[in-house]
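A.B. asks: Here is what each chain is made of, one letter per residue.
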Amino acid sequence: MTVRLRAPRRLAAIASVSVLALSLAACGGTTKESSSSEGGAAGGGAASANPNAPIKKGLKIAFLPKQVNNPYETIVDKAGIEAAKEYGGEAKEVGPSDASASSQVSYINTLVQQRHDAILIAANDENAVCGPLKQAMSRNIKVVSYDSDTAKDCRNLFINQASSEEIGRSQVKLLSDMIGGKGEIAILSATANATNQNTWIRFMQDELKKPEYSGLKLVKIAYGDDDDQKSFQQTQGLLQAYPNLKGIISPTTVGIAAAARYISGSKYKGKVTLTGLGTPNQMRQFVKDGTVQKFALWDPKNLGYLASYAAAALASGQITGQQGETFKAGKLGSRTIGANGEVILGPPTVFDKNNIDQYDF
Amino acid sequence: MRFDPRGLLRWESAVILLLVVVFFGGAGISPDFANSDNLSFALGDLSEIALIALPMTLLVVCGQVDLSVASVLGLCSALTGALWDAGWALETIFVVVLVVGLVCGLVNGWLVTRLGLPSLAVTIGTMTLYRGLAYVVLGTEAISQFPQRYADLATQSVPGTPVPYPMALFALLALVTGVALHATGIGRSLFAIGSQEDAAYFAGIRVKRIKLVLFVISGLVAGFAGIVYTLRYGSARADNGLGLELTVIAAVLLGGIDFDGGKGTLGGVIAAVLLIGLLRNLLMLNDVSTEIQSIVTGLLLIVSVLTPRLIAVVRETRGRQRGPRPEAPAPAATS
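If you're matching them up, the sequences are chains H and L in order.
With the first letter of the first sequence counted as 1, position 244 gets the number 244 in the working numbering; the numbers rise by one all the way through.
With the first letter of the second sequence counted as 1, position 153 gets the number 153 in the working numbering; the numbers rise by one all the way through.
Source of the hints: derived by calculation from the structure; they are not laboratory data.
A quick note: this is a predicted structure, and the numbers were derived from the prediction, not measured.
Don't take every hint at face value.
To be verified - Below, simulated SDA-like cross-link-like pairs (lysine to any residue); rule was C-alpha separation at most 25 Å, straight line:
| # | chain 1 | residue 1 | chain 2 | residue 2 |
| --- | --- | --- | --- | --- |
| 1 | H | 134 | L | 31 |
| 2 | L | 263 | L | 156 |
| 3 | H | 60 | L | 118 |
| 4 | H | 152 | L | 156 |
| 5 | H | 331 | H | 350 |
Build out the structure end to end from the sequences listed, making use of the hints.
C.D. replies: Here it is, written out as structure tokens:
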């Protein structure tokens, strides 16, 4: 045993001594309990709303999607930019090319510097964007979240595409109506920890407890990880493992398209009913060839349109974001702010072979 | 005393000049660019990149590279979140996390020096390994609600300046690193190792020891950057800092450090870090799309790697024309 410590050991020794010293020193340090909610809420709740105020002309608003070049978000943002033209505002879309948690932050700071009247954001991380958004609100910039919410005190309004409860329950009803309320069913979801999907599935399971669905039996929840190949294989696996399967609900656009592709080329076509959330462009061929009768989705164009009008109403002082306030959203009519500053777009649109050609997204 | 024009031809001078052009040009184009709020945002955005660039410079001068830094950052961020969520005191967490960063560096250094593996290969491996561990620690969760006074330390500026605290710390560390690299014997041995490792070894430089210590410092600083990142964004996640290592290495190369080791100055790297940050901010303020931003940064990097080589080639040809022909092997007479 050598007496002289070699570098790594010396380092380790120093490290462990300092850990000990500092952990002792840190007794009674800052823990989660001792520092609960130091930060106060930002944003002007003091201002009063004037429902009759006209929408200001030349409002500068900006859409900050999760990432640019995401086809879904592009549709939403484009519709919002169109809406801004209707009320004489100026809108644009900027954003990062990756959907990482922090990449939106520098964009928010830039938008603040450019002195926009309102920022509309689909948050990648509900907390990472919070600090800069609060700063924006403290400079009287209105913040509206859409598609994916931020923490409640970091925005004035959240435009919810549809209530989670409604999405979950309506899909069970849709499937039950098509298969006559009887038989084994399965769910093909995205990833096992996807927040959206899991909330919807909880409501589906709750809906299934109702007596009118006593003939339906949920046999399996499969996860295709929002990967086309994997969702395809999972569908294949489901149909082999449960030969009596009557219906599949896939509440994800990737899942439903992959499942439809598998079923359309298999012997199960016409025997198994598939429904869920999909986009008309992805599903058009499967609706036309009879693989799928009906599926649902909110109209992303209306989402962008509503968000754009909500931002304009905030920036013009028609509303302040308090529950119960009402504003007009162009062709969509008027909307009322619900609990937690949420505005709900409405029930999802159901697509079938009669109406699918009216939609292009 | 004669003026040596070659000093101006150094790449670092070009980067510094470009930085000055971007700064004053930017101030001319966008009225919002040079105000202290915006500069503070732009500098704050560079915190982690700038901090990690310091040890990375030392490593690259030595002919080594550490690709695992962003993953160490992610692991340390995830760990900070997990321990905070478990009710630990933040002060204790800082110490634990720094030790974890240090150990990550130690593993890299050990694999490189004891097993003699190339650092590129080793750190590609540990990059994946540490990121994987980060997901083991925190999964896809995000932990937030860190105490305001620590968050302020990561985001607020030193009173009276547009410089956020992490960047002030960076300035201090940069000074120390600069002196160590350019004015001490240890600094000279780094250059020696980078240009001729065997020669350095036979000259009595403890090559392995120095490399090991550099990897440890790199891990430690990356761990610290993980804490800064977590507090700055107020969100601990396993995917924090994904891809950051490439920006750091881009800055180091743009700053004129030769990727083969042995050449370059820290001043160049600091100028390059600032250049990348200000340029990105300026492009964003002018609504230039992300694609174009990546193209600009990419081109800049290629130019930075290419130009010194071109200059060397030009010099060599000129020298050949003027001076006596270098000893070229006589064409072998064919039999």
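A.B. asks: If a hint holds in the structure, say so; if it does not, say that too.
C.D. replies: Each hint tested on the structure:
Only pairs whose Cα atoms come within 25 Å are accepted, and residue 134 (chain H) paired with residue 31 (chain L) is accepted, the gap being roughly 23 Å. With a C-alpha separation of about 36 Å, the suggested pairing of residue 263 (chain L) with residue 156 (chain L) is violated against the 25 Å cut-off. With a CA separation close to 53 Å, the supplied pair residue 60 (chain H) and residue 118 (chain L) exceeds the 25 Å bound. Of the pairs offered as hints, the one joining residue 152 (chain H) and residue 156 (chain L) holds, with about 23 Å between alpha carbons and a cut-off of 25 Å not exceeded.
Distance hint between residue 331 (chain H) and residue 350 (chain H) is fulfilled; the C-alpha atoms sit about 20 Å from each other, no more than 25 Å.
Hint compliance for this structure: hints 2, 3 are broken, all remaining hints hold.
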